[in-house]
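Trainee: Below are the chains, spelled out letter by letter.
Number of protein chains: 2
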Amino acid sequence: MAFDFELKHKDKKCGARVGKIVTAHGVIDTPVFMPVGTRAVVKTMSPDELKEIGAQIILSNAYHLYLRPGHELIKEAGGLHKFMNWDGPTLTDSGGFQVFSLGATLKVTDEGVNFKSIIDGSSHFLTPEMAVKIQNDIGADIIMVLDECPPYPAEHKHVKEAVERSLQWAKRCKKSHQSGKQALFGIIQGGIHNDLRKYSAQNTVEIDFPGYGIGGFSVGEPHDIMFDVLEDTVSYLPEDKPRYLMGVGNPTSILEAIGLGIDMFDCALPTRVARNGTVFISTGKLNIKNASHERDFGPLDSNCNCFVCKNFSRAYLRHLFKVGEILTLRLLTWHNLHFIFNLMSEARVAIQKDSFLNFKASFEKQYRN
Amino acid sequence: MAFDFELKHKDKKCGARVGKIVTAHGVIDTPVFMPVGTRAVVKTMSPDELKEIGAQIILSNAYHLYLRPGHELIKEAGGLHKFMNWDGPTLTDSGGFQVFSLGATLKVTDEGVNFKSIIDGSSHFLTPEMAVKIQNDIGADIIMVLDECPPYPAEHKHVKEAVERSLQWAKRCKKSHQSGKQALFGIIQGGIHNDLRKYSAQNTVEIDFPGYGIGGFSVGEPHDIMFDVLEDTVSYLPEDKPRYLMGVGNPTSILEAIGLGIDMFDCALPTRVARNGTVFISTGKLNIKNASHERDFGPLDSNCNCFVCKNFSRAYLRHLFKVGEILTLRLLTWHNLHFIFNLMSEARVAIQKDSFLNFKASFEKQYRN
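Top line first, the protein sequences correspond to chains A and B. In this text, residue positions in the first sequence follow my numbering: the first is 18, and each later residue adds one. In this text, residue positions in the second sequence follow my numbering: the first is 18, and each later residue adds one.
Heads up, a few of these hints could be off.
Remember, identical chains collapse to one label, so a pair may be satisfied in a single copy or spanning two.
[Claimed, not checked] Here are the simulated DSS-like pairs of lysine-lysine, each with C-alpha atoms no more than 30 Å apart in a straight line:
hint: 1; residue 1: K92; residue 2: K302
hint: 2; residue 1: K150; residue 2: K339
hint: 3; residue 1: K302; residue 2: K99
hint: 4; residue 1: K339; residue 2: K68
Hints were generated in silico from the structure; no laboratory data involved.
Throw the hints in and build the complete structure from the sequences for me.
Mentor: Below you can see the structure in the form of structure tokens.
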């Protein structure tokens, strides 16, 4: 079997759970954070480094790979794993989110979506069948259905139309997906509307997928509303399938969502903020550009045992950043990924002991956003 | 003894020689290529990677470090080695070349040179004593005297003045250099004028340094003239001291100079061209941006066993380059440094066998500039 999910333990005091996803390229312990490698590379990082830090699965993006270098080229290369030299599990997003969020949507019909390339302005028409074909060519272990992602805020009526269309597209994706080696996940939409989330969840589950993405969050809605709706949404999802909260990567948000029963996360945030000079440390965020670090010869985080904290000082990392040396972008990315992977690992241990809520409270007490 | 040079073998058929430089931070086999880490970092590379590729000594630049982050800060950090986390040998250039070549020289007097900062336009006055003090604070194993570097072409009279002034400055540098842990090298100038090179060499040797840089080459003069003058210059240098040809890093030029008895090289070229997409392979230069590599799933160089050639295809490296992913800058740098270090290593083996000229001819036959 190319894909399997095993629910190993549920925390007795909350919705948090640990599980195991089996793919053709290896096993993933959940809850898991998937670093974003949009263009077949996690920015600044080589695959061996990602492995060393503890990445279990890499996310890449069908939209970007379709435009450059092209899915046929990746197929010719022997697929995404071979192309980027990452032999572990992979996931591709369908491109739905990018088509709708990069502001280049020309027209949406029931048939598909017409959009303009962000590269050269050329016009493209993406259908559910094409989204699957592109992802089949790319060859990730987990692929996603094409969905319509309305912006936030959006009227109930507009979101409902998007949910209905996404359901039709999900059915067509499932029908056209042939490769038994890849698992096709459905995606729940519905914005911040509980009734639409319920409707989307129940009907997507009805189609039956090996896992479920929850899309359309973290697009500008208030955090408390997001978690209220998320909690409700999760209640309509089966226990025996992995639940993937798309695009959420803030440490505190991740912990909140784990507590509600989420198994998988992806987000560009930890790597993007690193490239802007911000790192996560046990007491919160730290901006390496601050003058206070100029003569600080200690590590980013004295509680951290990552390669960067063991070898380089804040003063050195700040110097590199200030003079524009790109090594620092990699080192800050390294630290942030280590921080998030370590957080997930500690969360898994806590869940096994039914003490996730204590772990979360203790983290939140120390960590200032 | 903090510094020593042992001449181990001279090729019986040419001037090439192998030797051993001993520093407080380790031993260096010569001929050696020193990668350039201008701002306390070899661009894109971490120190552990440099070690893995085979770097024996790293060059950094007193001019740039004086401006940012400041030599006092590096001293506070415990010196350059600790600051950048490189525990092997290091060398700093005095800043003479940068002051004169970055086009910001305001006035040169016998006392020193007044220049404008390339960062903020502020005015600075650099004396031989200050150049030594800055380098003492930075703490590299080998440091260089402050010299005046005339542009090319320059009139004989102008070059002669620069040589005379550089000799006075060399004496002052030696006098003010106190640290027994650091070896201060003299620098031969004289442009393309044999008489001035002879004068500079004889008088610099008279001052007596543990090693000699040969500066003012590779600044635009024709290659054949450079090698003619270089051969003559070397003849005035003592056999028992290392000879360092400053700023030359083209593979064929390196071999030519090794044949004339040069022991040390530094140059930004191998790392700089890498960041522009050019790599050295056994048949010559290759530009990864070329369309011909778009679907080439083979390595950069099928004869190369470096990390990059073992793990990544031309198609992938080209893709990364085209979409602006900086991982490729590191990977191309890695390959080029490996190429140069490997060339030096093969040259050392050939010299030991008195077959350097054969090795050089065979390399040149295959390698197209």
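Trainee: Could you place K302 and K99 in one of the four classes (within, between, both, neither) given a Cα distance threshold of 30 Å?
Mentor: between (36 Å within a copy, 26 Å between copies)
Trainee: Go through the copies and call it for K150 and K339: within, between, both or neither, with a Cα cutoff of 30 Å.
Mentor: between (44 Å within a copy, 24 Å between copies)
Trainee: Pop the pair K339 and K68 into one bin, within, between, both or neither, using alpha-carbon distances up to 30 Å.
Mentor: Both. Shortest intra-copy (29 Å) and inter-copy (25 Å) distances satisfy the 30 Å Cα cut-off.
Trainee: Since the copies are identical, ignore which copy is meant and state whether K92 and K302 lie within 30 Å (CA to CA) inside a copy, between copies, both or neither.
Mentor: between (40 Å within a copy, 29 Å between copies)
Going down the numbered hints, you'll see the structure goes against none, and every one checks out.
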